[in-house]
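Asker: The lines below spell out each chain.
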Amino acid sequence: GDSVTQMEGPVTLSEEAFLTINCTYTATGYPSLFWYVQYPGEGLQLLLKATKADDKGSNKGFEATYRKETTSFHLEKGSVQVSDSAVYFCALSDGGSQGNLIFGKGTKLSVKP
Amino acid sequence: DAGVTQSPTHLIKTRGQQVTLRCSPKSGHDTVSWYQQALGQGPQFIFQYYEEEERQRGNFPDRFSGHQFPNYSSELNVNALLLGDSALYLCASSFSGSGAYEQYFGPGTRLTVT
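Residue numbers (our numbering), protein chains in the order written: chain A, 1 to 113; chain B, 1 to 114.
Okay, chain A solo, but in the shape it has when bound (with noise of 0.2 Å):
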């Protein structure tokens, strides 16, 4: 079946460094793709989205670029901050008229000042 594999966490960076979290995904469809944040005791935000092959999501200085040719959706910014520390989900939908979402484990940021 479909599923999201994720890079392993924790992450921690100095702020303003670069920021890259991998994700593939397999699929027999055509799915889009999302990539969603959690911070710390709350439900999921959605950050970004990209529906079709090279569209680009960004978000707040998030990007993800739909990569069909990679299976790939990995997550970057150029300058983190410390409020960007979270745990950060790859997601993608499985078809349909209102396909559900199927997650990957999620990777947590931290950002050190």
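Quick caveat, the hints were computed from the structure, so don't treat them as lab data.
Here a beta-carbon is modelled for each residue, glycine too, at the ideal position from N, C-alpha and C.
Hints are supplied without guarantee of correctness; some may be wrong.
[Said to hold, decoys possible] No farther apart than 25 Å at their CA atoms in a straight line, the calculated lysine to aspartate or glutamate pairs in the DMTMM-like style are these: (1) B:Lys26 <-> B:Glu75; (2) A:Lys56 <-> B:Asp85; (3) A:Lys105 <-> B:Glu102; (4) A:Lys108 <-> A:Asp84; (5) A:Lys60 <-> A:Glu42; (6) A:Lys77 <-> A:Glu15; (7) A:Lys77 <-> A:Glu63; (8) A:Lys108 <-> B:Asp85; (9) B:Lys26 <-> A:Glu42; (10) A:Lys60 <-> A:Glu15; (11) B:Lys26 <-> A:Asp94; (12) A:Lys60 <-> A:Asp2; (13) A:Lys77 <-> B:Glu102; (14) B:Lys13 <-> A:Asp2; (15) A:Lys60 <-> B:Glu102; (16) A:Lys108 <-> A:Asp2; (17) B:Lys13 <-> B:Glu102; (18) A:Lys105 <-> B:Asp85; (19) A:Lys108 <-> B:Glu102; (20) A:Lys68 <-> B:Glu102; (21) A:Lys52 <-> B:Glu102; (22) B:Lys26 <-> B:Glu54; (23) A:Lys112 <-> A:Glu76.
[Claimed, not checked] With the C-beta cut set under 7 Å, the calculated list includes, among others, these residues of chain A facing chain B: (24) Tyr39; (25) Pro40; (26) Glu42; (27) Gly43; (28) Leu44; (29) Thr70; (30) Phe103; (31) Gly104; (32) Lys105.
Following the hints, position chain B against chain A.
Answerer: Just chain B now, kept in the frame of chain A:
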């Protein structure tokens, strides 16, 4: 504009008991999905409700059941609770006409089974 709301925030139950969790979708949304998030894991899909019917279901036993009301709000019921049911239960809502499968999540209900 109120987002997705869930109640209660926290709940402690004993093995074998039954529990009901509630969710109100974001204004304008008509579809509700439920997810279980165990500690340190990604959310796992339980089921989805649309037009008051279960439209999709994940790999969860029949002990997990749900309901959607005419105002689109939803309940998740879990019978015969097991220790392994301890988790954060997330409700997500979406609009069937959006076409982008974009789901908005509530803050979750933390269920502890002792």
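Asker: Hints the structure violates: just list their numbers, smallest first.
Answerer: As far as the earlier hints go, 2, 12, 14, 17, 24, 25, 29 are violated by this structure, in ascending order.
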